[in-house]
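Residue numbers (the working numbering), protein chains in the order written: chain A, 16 to 507; chain B, 16 to 507.
It is worth saying that the hints were derived from the structure and are not from the lab.
Some hints here could point you the wrong way.
Pairs count within a copy or across copies, as identical chains cannot be separated in the list.
[Claimed, not checked] Straight line, CA to CA, 16 Å or less: simulated EDC-like cross-link-like pairs of lysine to aspartate or glutamate:
#, residue 1, residue 2
1, K102, E126
2, K69, D303
3, K347, E98
4, K128, E171
Remember, predicted model here, so these are calculated numbers, not experimental data.
Number of protein chains: 2
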Amino acid sequence: MADNLTSRKQDYSQWYNDLVLKGGLAEHSDVRGCMVIKPYGFALWENMRDVLDKMFKETGHQNAYFPLFIPKSYLSKEASHVEGFAKECAVVTHYRLKNDPNGGGVIVDPEAKLEEELIVRPTSETIIWSTYKGWIQSYRDLPILVNQWANVVRWEMRTRLFLRTAEFLWQEGHTAHATKEEAIAETVQMLDVYATFAEEYMAMPVIKGVKTANERFAGAEDTYCIEALMQDGKALQAGTSHFLGQNFAKAFDVKFADKNNNIEYVWATSWGVSTRLIGALIMAHSDDEGLVMPPRIAPLQVVIVPIYNKDAEARQKIDDKAGQLVKELRAKGIRVKFDNDDTSRPGWKFAEYELRGVPVRIALGARDLENNVAEVARRDEKTKASTSLDGLTDYVSALLEEIQQNMYNKALAFRDASITKVDSWEEFVSTLDGKGGFVAAHWDGTAETEDKIKEMTKATIRCIPLNNEQEAGKCILTGNPSTQRVLFARAY
Amino acid sequence: MADNLTSRKQDYSQWYNDLVLKGGLAEHSDVRGCMVIKPYGFALWENMRDVLDKMFKETGHQNAYFPLFIPKSYLSKEASHVEGFAKECAVVTHYRLKNDPNGGGVIVDPEAKLEEELIVRPTSETIIWSTYKGWIQSYRDLPILVNQWANVVRWEMRTRLFLRTAEFLWQEGHTAHATKEEAIAETVQMLDVYATFAEEYMAMPVIKGVKTANERFAGAEDTYCIEALMQDGKALQAGTSHFLGQNFAKAFDVKFADKNNNIEYVWATSWGVSTRLIGALIMAHSDDEGLVMPPRIAPLQVVIVPIYNKDAEARQKIDDKAGQLVKELRAKGIRVKFDNDDTSRPGWKFAEYELRGVPVRIALGARDLENNVAEVARRDEKTKASTSLDGLTDYVSALLEEIQQNMYNKALAFRDASITKVDSWEEFVSTLDGKGGFVAAHWDGTAETEDKIKEMTKATIRCIPLNNEQEAGKCILTGNPSTQRVLFARAY
Numbered sequence: 016m017a018d019n020l021t022s023r024k025q026d027y028s029q030w031y032n033d034l035v036l037k038g039g040l041a042e043h044s045d046v047r048g049c050m051v052i053k054p055y056g057f058a059l060w061e062n063m064r065d066v067l068d069k070m071f072k073e074t075g076h077q078n079a080y081f082p083l084f085i086p087k088s089y090l091s092k093e094a095s096h097v098e099g100f101a102k103e104c105a106v107v108t109h110y111r112l113k114n115d116p117n118g119g120g121v122i123v124d125p126e127a128k129l130e131e132e133l134i135v136r137p138t139s140e141t142i143i144w145s146t147y148k149g150w151i152q153s154y155r156d157l158p159i160l161v162n163q164w165a166n167v168v169r170w171e172m173r174t175r176l177f178l179r180t181a182e183f184l185w186q187e188g189h190t191a192h193a194t195k196e197e198a199i200a201e202t203v204q205m206l207d208v209y210a211t212f213a214e215e216y217m218a219m220p221v222i223k224g225v226k227t228a229n230e231r232f233a234g235a236e237d238t239y240c241i242e243a244l245m246q247d248g249k250a251l252q253a254g255t256s257h258f259l260g261q262n263f264a265k266a267f268d269v270k271f272a273d274k275n276n277n278i279e280y281v282w283a284t285s286w287g288v289s290t291r292l293i294g295a296l297i298m299a300h301s302d303d304e305g306l307v308m309p310p311r312i313a314p315l316q317v318v319i320v321p322i323y324n325k326d327a328e329a330r331q332k333i334d335d336k337a338g339q340l341v342k343e344l345r346a347k348g349i350r351v352k353f354d355n356d357d358t359s360r361p362g363w364k365f366a367e368y369e370l371r372g373v374p375v376r377i378a379l380g381a382r383d384l385e386n387n388v389a390e391v392a393r394r395d396e397k398t399k400a401s402t403s404l405d406g407l408t409d410y411v412s413a414l415l416e417e418i419q420q421n422m423y424n425k426a427l428a429f430r431d432a433s434i435t436k437v438d439s440w441e442e443f444v445s446t447l448d449g450k451g452g453f454v455a456a457h458w459d460g461t462a463e464t465e466d467k468i469k470e471m472t473k474a475t476i477r478c479i480p481l482n483n484e485q486e487a488g489k490c491i492l493t494g495n496p497s498t499q500r501v502l503f504a505r506a507y
Numbered sequence: 016m017a018d019n020l021t022s023r024k025q026d027y028s029q030w031y032n033d034l035v036l037k038g039g040l041a042e043h044s045d046v047r048g049c050m051v052i053k054p055y056g057f058a059l060w061e062n063m064r065d066v067l068d069k070m071f072k073e074t075g076h077q078n079a080y081f082p083l084f085i086p087k088s089y090l091s092k093e094a095s096h097v098e099g100f101a102k103e104c105a106v107v108t109h110y111r112l113k114n115d116p117n118g119g120g121v122i123v124d125p126e127a128k129l130e131e132e133l134i135v136r137p138t139s140e141t142i143i144w145s146t147y148k149g150w151i152q153s154y155r156d157l158p159i160l161v162n163q164w165a166n167v168v169r170w171e172m173r174t175r176l177f178l179r180t181a182e183f184l185w186q187e188g189h190t191a192h193a194t195k196e197e198a199i200a201e202t203v204q205m206l207d208v209y210a211t212f213a214e215e216y217m218a219m220p221v222i223k224g225v226k227t228a229n230e231r232f233a234g235a236e237d238t239y240c241i242e243a244l245m246q247d248g249k250a251l252q253a254g255t256s257h258f259l260g261q262n263f264a265k266a267f268d269v270k271f272a273d274k275n276n277n278i279e280y281v282w283a284t285s286w287g288v289s290t291r292l293i294g295a296l297i298m299a300h301s302d303d304e305g306l307v308m309p310p311r312i313a314p315l316q317v318v319i320v321p322i323y324n325k326d327a328e329a330r331q332k333i334d335d336k337a338g339q340l341v342k343e344l345r346a347k348g349i350r351v352k353f354d355n356d357d358t359s360r361p362g363w364k365f366a367e368y369e370l371r372g373v374p375v376r377i378a379l380g381a382r383d384l385e386n387n388v389a390e391v392a393r394r395d396e397k398t399k400a401s402t403s404l405d406g407l408t409d410y411v412s413a414l415l416e417e418i419q420q421n422m423y424n425k426a427l428a429f430r431d432a433s434i435t436k437v438d439s440w441e442e443f444v445s446t447l448d449g450k451g452g453f454v455a456a457h458w459d460g461t462a463e464t465e466d467k468i469k470e471m472t473k474a475t476i477r478c479i480p481l482n483n484e485q486e487a488g489k490c491i492l493t494g495n496p497s498t499q500r501v502l503f504a505r506a507y
């Protein structure tokens, strides 16, 4: 299989597409910009979702579900919000089809026109805050800590599987608070949840920071983000958590009576991650042989491949041993498959599971059994070792954790080596064009300069890192004074 | 709380609405026909979904995700399918909004008109079979056993929370098989999964059967169903499993090479249950005091309500004991909450948890502790008993199972008493108008008679029960010969 894959060096972008398609994660659908998430890709998303969902519940959140459709006028109630989303909306205008009286097949029934058009949700702040108005009267009703798992639609013209699609799956948390401080604390807490998830489960180091005004969510006072680094040196925004101030409360007139019976507007946050994380996962870890899945969220953690010869008795012994291993590994909560499909050869299977990024492969042959060993291969390092069958399940269990840790360490080393401090425009440009990665540089704090730099280099300010060191310096473009470095990068 | 509820006798329909709204399950949204599923209602759906998902996976199915949108022309490819769904479609015609140059706010951008309109999926057979075309070449690619959890939209004009809404949540299984026999076996297997789920988890007895041609899914060869009985004597279709024959394979040209290299069309099934089940659950079990939740899927299984007096030391003892109980119950996997909120009185809490249908309530007061007892109340029978604190968690654990069984038995007794055999038109009408329920009657097997009966009485044939007894008789309307009784009822 692997020889059909494009290598990263040849064509990084094609390599990515090959992995998504041939790795069985997703494919393009007949509907422009919409993808089909295939069973293997969806199993990965389910594992990610289940971990995140648990983390959300442990921090006191509950799930709920709000309508797919948003009345057109709702979008407009928050001025910068509509500005941000109007250009990429799927608009429902009719509610019925009919047979063309002129024989042209099925057509939209012109008599079934909606009085007000409906937008397929690109995000749900507006419909949710119009609902919260009915839920909130007093401080006793606060906080509201709600999350929704949903599909959303943003009509992108240039799409890429997982990274940018017209429809994608995500979660969106929407919380309501009595005080500004509490809302900001919630925003930061959820950013931490995302960072923990990215690092501990996806084995992907991230930098926590705050977006500049230019890059802020449409309707937010502050957008916090986690930024990850891909192997081609480009950054990828992996999750955002927004402090929305009282913007949506004001747009939808959501007020509450505090303990002293003063009437105040409610404070809001929203936060989300999406199936885009799967794109990040692929580009953070995979190699020219295929996907590399971090064990903790891998759809399949261990595959056992039998090496049969023509001896039926030996075959039975292999099957028995494999069956026993499967049972023992499952008892440890490990996701394992015994692939005894006779229609493909072991070599083909090896390549296939490498392509799919299964962390550990166990090969079992007749001679192995005689020697009381199995061949255990790890996907991350592409090494294999003959390993005693005694205590094999403990060994595999520990190996999965070691792989998880190793993947994180490798990604962290790469990321850390890809942060470059520069103090001149020449260095800035040559770093971007050379090794890429994050460029830590001084910026004069104006949107104008930020725009110019973006125009000239395609690099954007990914974030102002949290707990950033204060340091006097001069803006790399204008030479104007600056108090801290920010992180620039070209990004997905 | 309960005195604000409408009773079933007063107004059954209003009673249902009261329970949904005041029980905190769902509410109407500002978007016509779309509901907001509130956290308590969504937690119930999550429990139902998790059980079903496990049952699907245990029968070999995997989840995947297909696009929300379906090109208009796809719907038309299967003739009866488009006939069934064209009249209730949400149609996307544009992909952008813009500012009205005449100052009329945000308007649909007429220049952003789609070449082909997109339908928001009412069901996904068409988009999925157009995808399967790419997945299936040979018998080795079969069977495909895929399920999707998704939102769907059917533009209903008269909506009711959970029972009939424009948007609802559901799962839809879509499988592809090499033989007719295998596809039929899958259809029946999934009907059994649904029946098991309804009976063992929802405590709701169902009748398994086959729909008449009139009531068949648009595009199916045969529709299998489970039918449940509500307390007002009306039937409710709780789940359907369709044998689709080769209809969609032919519509989307999906063929495979069998073992002998003959090229054949693929056989299909689809099967689904939706948030409608929540409506069924409410109407099967609840009473004039509120919801009654079957323990196995109840969002909250046990609530502990402290009865404080003014003694701080006694309060501490109650809190300690409650904390210990919570820990022990959680260790048994029981969903429990200790409601020590000081802002409401115990009586208010009792009514509130009754309204929400929490199966078991434990009240703990200072005197109870002195006597080493707690007051344990069960929601289904509205009885309570002073119970020893020794072994209380075992007692509660067994009680939950007893409640589950009792709810099923009660519903079964009611359902069985509501099946009436009739042999004349007069009896038929008087039964429908009187006790209601299922009416087992002879029918001549024609769609014409079925339509007439529906027109005259609003009763439909709910199903031809599986393993139906053969019995010669005469059609209640036409007197024409019949070989078996079918089940009629008025239905949701």
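To test your reading of the hints: which numbers does this structure violate? 2 and 3
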